[in-house]
Each structure stands twice: as structure tokens, then as C-alpha cells.
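Colleague: Residues per chain, in single letters:
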Amino acid sequence: MEEPLSPFEFKQCVNILKSTGKKARSLRELRDAITVVSPEALIHHTCQYYLKGHVLEYTNDFARWVAELLEERMLAEQLSGIDPYAYASMGEVRDELVRVIDEYLRIVGSAREMPPGDEFFFNEAITFVVPAGLQARNLAEFLIAIQYLDSSSIYYHFYEARIRLGGSDDFSSWLGGSLNKKTLAEKIRKIDLFMHTIEGTKRHIMEAVEEEVRKDMERVEL
Amino acid sequence: MNWQIGDKLLGRTEIRDYAGIAPSADLLLIHKLADKLAGRQFLHVNSTKSGGGVAEILQRMMPVLDSLGIKTRWEVIKGDAEFFEITKKIHNALQGSEEKITEKMWQHYFEINRENANRIELEAEAVLIHDPQPAPLIEFRKNGKWTWRCHIDLSNPVVEVCDRIRQYCARYDAAIFSVEKFAQELPLDEFIIPPAIAPFSDKNRELREEEIGEVLDRFHLSRVKPLILQVSRFDRFKDPIGVIKAYQLVKRYNDCSLVLAGSPATDDPEGEKVLNEVREFAESDPDVHILMLPPSSDVEINALQRSATVVLQKSIKEGFGLTVSEAMWKGKPVVGGATGGIPLQIVHGVTGFLVHSVEGAAFRVRQLLNDPELAKKMGEEGREYVRKNFLITRQIRDYLAVFYILENKGMSVMEI
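From first to last, the protein sequence lines stand for chains A and B.
For the first sequence, the positions run 1 to 222 when my numbering is used.
For the second sequence, the positions run 1 to 416 when my numbering is used.
No lab work stands behind these hints: they were computed from the structure.
Model, not experiment: these values are computed from the prediction.
Possibly wrong hints are sitting among the right ones.
Below, computed lysine-lysine pairings styled on DSS-like, alpha-carbon distance capped at 25 Å [as the list claims (entries may be wrong)]:
| id | chain 1 | residue 1 | chain 2 | residue 2 |
| --- | --- | --- | --- | --- |
| 1 | B | K32 | A | K52 |
| 2 | B | K100 | B | K88 |
| 3 | B | K377 | A | K52 |
| 4 | B | K88 | B | K78 |
| 5 | B | K32 | B | K145 |
| 6 | B | K142 | B | K409 |
| 7 | B | K376 | B | K225 |
| 8 | B | K409 | B | K36 |
| 9 | B | K88 | A | K52 |
| 10 | B | K49 | B | K32 |
| 11 | B | K376 | A | K52 |
| 12 | B | K273 | B | K245 |
| 13 | B | K409 | A | K22 |
| 14 | B | K273 | B | K100 |
| 15 | B | K71 | B | K32 |
| 16 | A | K23 | B | K409 |
| 17 | B | K388 | B | K32 |
| 18 | A | K187 | A | K215 |
Computed list of chain B residues with no C-beta within reach of chain A, every gap over 10 Å [to be verified]:
| id | residue |
| --- | --- |
| 19 | K145 |
| 20 | E190 |
| 21 | I193 |
| 22 | E283 |
| 23 | R306 |
Ideal placement from N, C-alpha and C gives every residue a C-beta, glycine not left out.
Same shape as in the complex, but just chain A (with noise of 0.2 Å):
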């Protein structure tokens, strides 16, 4: 069996959680520290949020404080259906969220204000990116790589990709380029996000690719 040309070299990803000072009491409050607020702080509290594990409800930090803490539900729906990786920059993504917060203001309003310790607080991340020291040159090689991996890896070459390559995934990219499995890359890259945790995901993952391992395998026979 020929080997594809280029590897793929698994990595990992830590955060360190670094505090704006910034933080929100109100709905209005809330949207206007949006508009405001670094392309960072906007990655960790959307596509970041599934790295905090043991969360589905929502789909990101802003609708979970919306919904627990101000108690406005029908907002929190709306902006859990808010989709980061769908626009071509975090500025997009703002002016989605700004967009969403101010239609529901006009139409419903909203005067609750937090006390002291229950505002949402406005954070983001640094972001360490290490080799995970795996490497697959095969499909086989990498269903193996794929079970021993972290969620911060599958978080880094899954959903963090997504921003990094313009809506793209590494693993998909990997698999439909060096690899030519056009429609196992595209299996893989149309997995919902937002359905699953991090293990979830990887699960699918796992899923699709001992699939065609094993299609692969069966043709071998024949």
C-alpha cells in the first residue's frame, strides 16, 4: 500500500484564561461590551464553550447567562442558534450577536440587572499549541491515533480549525486531500457540532473512519 506524502502530525491545545475586567449586569449591558470586546473573547465564549465539558443545553456562554441568570429564554434559544464557525470573521459573528440582542430589546426588553458576582464576566484565552508526539501516514494508523487522543486535540483539530481554515476541519482536510477519501472527509466535516460534546464528536469521528477501514479492508479481500 502506497504511503500518502504527508503525515498528519496530531496536536494538542491548552487555554489559559485571561479576565478582560469587563463584565456585563444587564441584557444592555451585555450588548454593548459585545460590541466592544476583543476577537478573543468573542472565540472563547462561542467556539470555546465546548471545551468546559458537561454542557449541551446551550451553545455558548452568552445564552447561558441569558437563560440562567436573566431568565430570558426565548433570547437564550436565539442566540444558541447562532452558528460562529458560519461567518468569515469574529466581526461578523459580533454583529450577528449585537443584531439578535438588540431585535429582542426592541421587541421585548428586558430590565433585569444582576447583583455582584452573578454578571457575566468577559474573558479570553491564550492558546498553547503543542505536538501531541502521534503521527498517522494511513487511515488505519489513524483510527489507532484518534482513540488515544484528548478532547483539547480534538477540540484543536475539529472545531478550533474551523476558524483557523475558514471553515474547514484538519482531519477532513487531511483525509480528502492526502489521503483522497473525498466522501469520508465530507462525512466527517458534516458532523454537527453543536449536538455532541467533545467526546461525542470524537466518537463519530471514530465511527466514519472504521468504516471505511473497514469497506477498505473488504475490498482487499475481494
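With chain A's structure known, arrange chain B on it following the hints.
Modeller: Quick look at chain B alone, frame taken from chain A:
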């Protein structure tokens, strides 16, 4: 070299001991950062060498940093009784209690720090000053990057006292808070780093059945009755009276015993007063055991936590509440006050329960006493959650990362 703290020779733990226990990403990053920072001097300064979570973490962290090739020193400031009375007032005020701190007291606070600055060698590439007691040492900075590490709940401080401390903090290169809600708007980098537990320490290591039994016998504790436990200093913010009230509510429905166990700390002059109040409140209930243990009682605390059916941390104000992670690491369900860092450790309904009242605490304890399967599942979830988030390796990783970030400012992604 061995790290000698007081009369106690600490067991060494090297970074390689954590392989297979700590998350691999944490260990990889620690090694990478240690390579980059090898040979640098790292200085910690705090106000007590025993008692309380800060001293405990430092005791455990030193040998691991040493094994990584990072030269680490730990200095403890000295002060008279008046100084610690003042710093306790500052501590309480920063956590929201009204305290009167006169100008003369502030001057004494500064003067004691000046004396310590003359006594302590402050030269190091990275200096980490823990909590408000030694915060004015920044005035005597010689070199290196200085970071103020705040372990206490600053979410609703007395403004006047906070502003005073803020004047010192603003002169640091960075500040570290345990929980996001404690962070203040300051003109410096502010990092969020929760504290962590050391899994191989006497307080957290696996114990033999005989070791546990010996501790239970020594304190005349039943091996049959379900045991509710709170481990904490005798401090009003830990609400020990509220714990007894919750126990009394539980006791109406479920036979059980209660242990309140704590150690004195040299920087907490109020402890004895609170202890006496607690003893008085408990009256002579034979199932309530109030244990004032010496600071070196790690095995005893470990045994009590492993014997508990439910662990409480019913704080009304809390820095972080590391006893929650300690109990979770031992597979125990925890009922905790929704304050400070406790909600960061207890995922409500998954690794334990968050409560807001005596009645809430009693209800959740009863729920766990009556549903052993739920208690077991929460205990398992809790242990895994601690493994991923609250082991000392994660904290070492974060401290080294902050050190590296301060030396390489301006990047939001660092590939190393």
C-alpha cells in the same frame, strides 16, 4: 535536595509520577514550558507556612517544580499579632464584611512589609505574591516579573479597602484570580487560575483500611452510621453553625453523625472564637464531633473524607474551597454553597449539588443518604472532573504558562 517545611520532611513527587493520571496535554505543555524556562528563579511569598489551602499547595508544588529544573524558593513573611489582626480585617473586608481599618493600621501593615522586604531575598525572574498580606512588597521590587496571586473572594469587597489594595496591585505585571468573578478592572494582565489538589500527598493518597479505621477509632466515630463531614477552618464564612443546623434537619429523618474538622492557621486570630461558638451551638449532641486538628493532620483529614457518606462545604463566602475537589477526588458526592469557586467544581446535579440555604443543604444531604446509587455516580463523575481540571499538574502548567506569557507578550496563540 529535600524541601524542609518546619519540622516536616515532605515526600518528593516528580513530574513523571503523574503520567497516566494527569491529562497528557497538561504534562506535555509542562515539559515544553519547563524546557523554555529552565534555570530561571521562581519565588513564592505568602503569610503562613501551614494551615489553609495556599500553604498546602505550595508545599506540594515545590518538589515538582524542582524536578522540572525550575529553581523555586518559598518565603513566608513574618509579623506581630497586630499585623495579623489587621490583615485578617483586610481579608474580611475584601470578602465583603464591614471592617474598620484606620490609617495607623494601614501604616503598620506597610511597615511590617518593609521589614520583610529587608529580610527576604526578593531577587528572582518571576515573583508570585500570594494574597493581600504581602501585597505591599511590590514597593521593594528589585527585578523580574511580579504577579499578585489572589486566592480570596473579591466579588463584592468593601470598596475603600479594595481601593487601597488596588494601589499596590496596579504596580504588578499581572494578577491571578481563582475565579473570573473575583477579577477586577486593573491596568494589567489578569489570569484566571483555579487552585488544585496534590493526588499523592498524605491528604489525598489512597489509604489502607487499617489507616482509616485507626483514625475513626481515635476520634470515637461510628463505623456504622452515615457520616456527614465538613472540613474547613473555623471561620464564619464557612458557616459551621449553618452546617449543624442542616445536620439537625437531616437528623429528623435519617440517623447520621456529623464531623466538623478544621485546623488553626497562624494568620487567622478569629479561629478560636468561632470554634467556641460552634461548640456552644452543638451543645452536647453525641453525634456531633467537632475536631480541632493540628495543621499536620493530613492523613486524618484524608481518612475522614474517605469515611464520609456525604461531604458538605456550606460556605457563604469562599476563595475557592479546595476541600470540595479533595472530596470529589475520593469519589464522594459534595453538597456545596453556591459561592466563590465552589460552582466551578460542583457541576450541579452531575458532580454534586449546589445549595443556597440551610434547608437546601439538608434536602440534598437527605437525597444522597437515601439514594446510594446517585451518590456513587456523582462520586465517580466528580473524581473524573477533578482529574481533568483540578490536579496540581494543571496549576503548575498554568503558573509556568503565565511566566512564559509575561516574557513573550502580545500573542494569543503560542505554538511551542
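Colleague: The structure should be examined with respect to each hint, and the outcome stated for every one.
Modeller: Now the hints, each set against the structure:
{"no.": "1", "hint": "K32(B) - K52(A)", "result": "holds (24 Å)"}
{"no.": "2", "hint": "K100(B) - K88(B)", "result": "holds (11 Å)"}
{"no.": "3", "hint": "K377(B) - K52(A)", "result": "holds (20 Å)"}
{"no.": "4", "hint": "K88(B) - K78(B)", "result": "holds (14 Å)"}
{"no.": "5", "hint": "K32(B) - K145(B)", "result": "holds (20 Å)"}
{"no.": "6", "hint": "K142(B) - K409(B)", "result": "holds (21 Å)"}
{"no.": "7", "hint": "K376(B) - K225(B)", "result": "holds (17 Å)"}
{"no.": "8", "hint": "K409(B) - K36(B)", "result": "holds (15 Å)"}
{"no.": "9", "hint": "K88(B) - K52(A)", "result": "violated (35 Å)"}
{"no.": "10", "hint": "K49(B) - K32(B)", "result": "violated (30 Å)"}
{"no.": "11", "hint": "K376(B) - K52(A)", "result": "holds (23 Å)"}
{"no.": "12", "hint": "K273(B) - K245(B)", "result": "holds (19 Å)"}
{"no.": "13", "hint": "K409(B) - K22(A)", "result": "holds (20 Å)"}
{"no.": "14", "hint": "K273(B) - K100(B)", "result": "holds (19 Å)"}
{"no.": "15", "hint": "K71(B) - K32(B)", "result": "holds (16 Å)"}
{"no.": "16", "hint": "K23(A) - K409(B)", "result": "holds (24 Å)"}
{"no.": "17", "hint": "K388(B) - K32(B)", "result": "holds (19 Å)"}
{"no.": "18", "hint": "K187(A) - K215(A)", "result": "holds (15 Å)"}
{"no.": "19", "hint": "K145", "result": "holds (15 Å)"}
{"no.": "20", "hint": "E190", "result": "violated (4 Å)"}
{"no.": "21", "hint": "I193", "result": "violated (8 Å)"}
{"no.": "22", "hint": "E283", "result": "holds (34 Å)"}
{"no.": "23", "hint": "R306", "result": "holds (25 Å)"}
The structure shown violates the earlier hints numbered 9, 10, 20 and 21.
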